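Undergrad: These are the residues of each chain, in order.
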Amino acid sequence: MNENFNEPTDSEVDKLYARLDREAKQGGYFLNPDAEFVKGLVRGLLINERRYGYRACPCRLAAGNKQQDLDIICPCYYRDADISEFGACYCALYVSAAVLKGEKELSCIPERRQPKETGMATPGASGASTCATPVKLSVPVWRCLVCGYLCGREGPPEVCPICKAGKERFERFI
Amino acid sequence: MNFEHVAGKEKGKITLYALSTCTWCKKTKELLTALGVSFDYIYVDLLKGEDRSTAIAQVKRYNPSLSFPTLVIGDKCIVGFREREIQEALGR
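Respectively, the protein sequence lines represent chains A and B.
Counting from 1, one number per residue, gives the positions in the first sequence under the working numbering.
Counting from 1, one number per residue, gives the positions in the second sequence under the working numbering.
Hints are computed from structural coordinates only; laboratory data are not their basis.
Every clue listed holds true.
Pulled a few chain B residues facing chain A out of the computed Cβ check, cut under 8 Å:
id	residue
1	Leu19
2	Thr21
3	Pro64
4	Ser65
5	Ser67
6	Phe68
7	Gly80
8	Phe81
Since we're looking at a predicted model, the values are computed, not measured.
Cβ coordinates follow ideal geometry from the N, Cα and C atoms, glycine included.
Looking at chain A on its own, in the form it has when it is part of the complex:
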């Protein structure tokens, strides 16, 4: 854990904010319309990136070990389910279309992540043997654990084209 880092500057926050906003729109996601609130979260992401080497969720306690924290690197594995159920992800960086339009109020979201003692919190990371009837495929199918994007190729892509998750956050689906 790196403790000697410079505080993120306002221009760094604005730059990442603009990038996340652009990427969210490209992937069919929406950032919270409260710009000041989002900037606070973006600052937290930049601090965690300096501290741990990756953008761990600012609203969760990171272990400081990438393997253990894979599920809570932003965007986290729980984002889509929380947006569907509560209208926002756990920290409320991402919101649903209904919340964006002001049709639904945001409220406090319960933690979906299971405590680590019960095993790695990777919902859906069920390994390769999820297919009931064995099928012969010319290439394996890889699934992004963040957004569910599927692709058939020899290995996972370097970066998910939808949500920008790294290849270490893919599982072999079929």
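Given chain A, work out where chain B should sit, using these hints.
TA: For chain B alone, coordinates are given in the frame of chain A:
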């Protein structure tokens, strides 16, 4: 383990376990400050070694999911920024 103390009206023991990067924790701390009550808070993400383990064990006793903010008012625990619940617990 060093808690930061915020002076104010005595409403019993109020302890806030928070993360330094968390906006909901910040809102909770601001609410307590605005309510003018005396409380102690600690940023668990900034702790190391034994202090960190001790703080984690304390949070888990009240909130097994180890999420933040965890606010302990007397023997009542409020998880998350639940504004109305916090105000009610403090008799407002």
